[in-house]
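Enquirer: These are the residues of each chain, in order.
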Amino acid sequence: NAGVMQNPRHLVRRRGQEARLRCSPMKGHSHVYWYRQLPEEGLKFMVYLQKENIIDESGMPKERFSAEFPKEGPSILRIQQVVRGDSAAYFCASSPTSPTMNTEAFFGQGTRLTVV
Amino acid sequence: AQKITQTQPGMFVQEKEAVTLDCTYDTSDPSYGLFWYKQPSSGEMIFLIYQGSYDQQNATEGRYSLNFQKARKSANLVISASQLGDSAMYFCAMREGVANFGNEKLTFGTGTRLTIIP
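Top line first, the protein sequences correspond to chains A and V. Letter by letter, the first sequence follows residues 21 to 136 in our numbering. Letter by letter, the second sequence follows residues 3 to 120 in our numbering.
Just so you know, the hints here were simulated from the structure itself, not pulled from any lab data. Mixed in with the good hints there might be a few duds.
To be verified - Think about it this way: if two alpha-carbon atoms lie no more than 25 Å apart in a straight line, the pair counts; the simulated DSS-like pairs of lysine-lysine are:
#, chain 1, residue 1, chain 2, residue 2
1, A, K82, A, K47
2, A, K91, A, K47
3, V, K5, V, K75
4, A, K82, V, K5
5, A, K64, V, K75
6, A, K82, A, K64
7, V, K5, V, K72
8, A, K64, V, K5
9, A, K82, A, K71
Generate coordinates for the entire structure from the input sequences, incorporating the hints supplied.
Expert: Next comes the structure, spelled out in structure tokens:
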């Protein structure tokens, strides 16, 4: 019973390059959340998606960041023209259809992005 | 205002002792859920325990219990008989009003780094 799968686990990009982070939710889960964790901080919500729909992107920076969750395949968080400040751990979580108040969000292992 | 406040950046506890990690929250929504997650040095987020705002009893899961004081808006995590493997970062998180569609996101505190001393 595979959990939430994120890849890559570690990603190094030079300033100005693009970073693509992938997240495959747990089987049967159709809701995906992306969070960012800066060093020594808690997780900050970025975006909430369902298949082919962005439900809440209130935590996404206005520029350079985008997310999608296509009908087929993993959810992708894309960061264009990365800067040093984008260096962080990016976590994906998933939950089943119609989450209720006590629905646990299952987290992936995270992708650690380092911008050099 | 911070929605989740964890005032203890770091704690050191002797092995086998009990430890309480503090968490206070701020919401005007009558319906909310409180979560605790553990993040070991390997980095993954491990769900520990959940407490709903309407739950009458404090939640318990093995050695973990949640001291839920609704009037004080606190949801402290208690770990009994601490073990070396409990050394990790611990995060308190809240989900507000799922009745408002799209509000399923979690808001996290800044965490407490717990170190268990042999």
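Enquirer: Now tell me, hint by hint, if it's right for this structure.
Expert: Do the hints match the structure? See the list:
1. A:K82 - A:K47: Violated, because 31 Å separates the two Cα atoms, which is more than 25 Å.
2. A:K91 - A:K47: holds (14 Å)
3. V:K5 - V:K75: holds (11 Å)
4. A:K82 - V:K5: Satisfied, since the Cα-Cα distance of roughly 23 Å is no more than 25 Å.
5. A:K64 - V:K75: Holds - the C-alpha atoms of K75 (chain V) and K64 (chain A) are around 21 Å apart, at most 25 Å.
6. A:K82 - A:K64: Within the cut-off at roughly 15 Å; holds.
7. V:K5 - V:K72: Measuring from Cα to Cα gives roughly 15 Å; hence the hint holds.
8. A:K64 - V:K5: holds (12 Å)
9. A:K82 - A:K71: This hinted pair holds, its Cα atoms lying about 22 Å apart.
Going through the hint list in order, the structure does not satisfy hint 1, though it satisfies all others.
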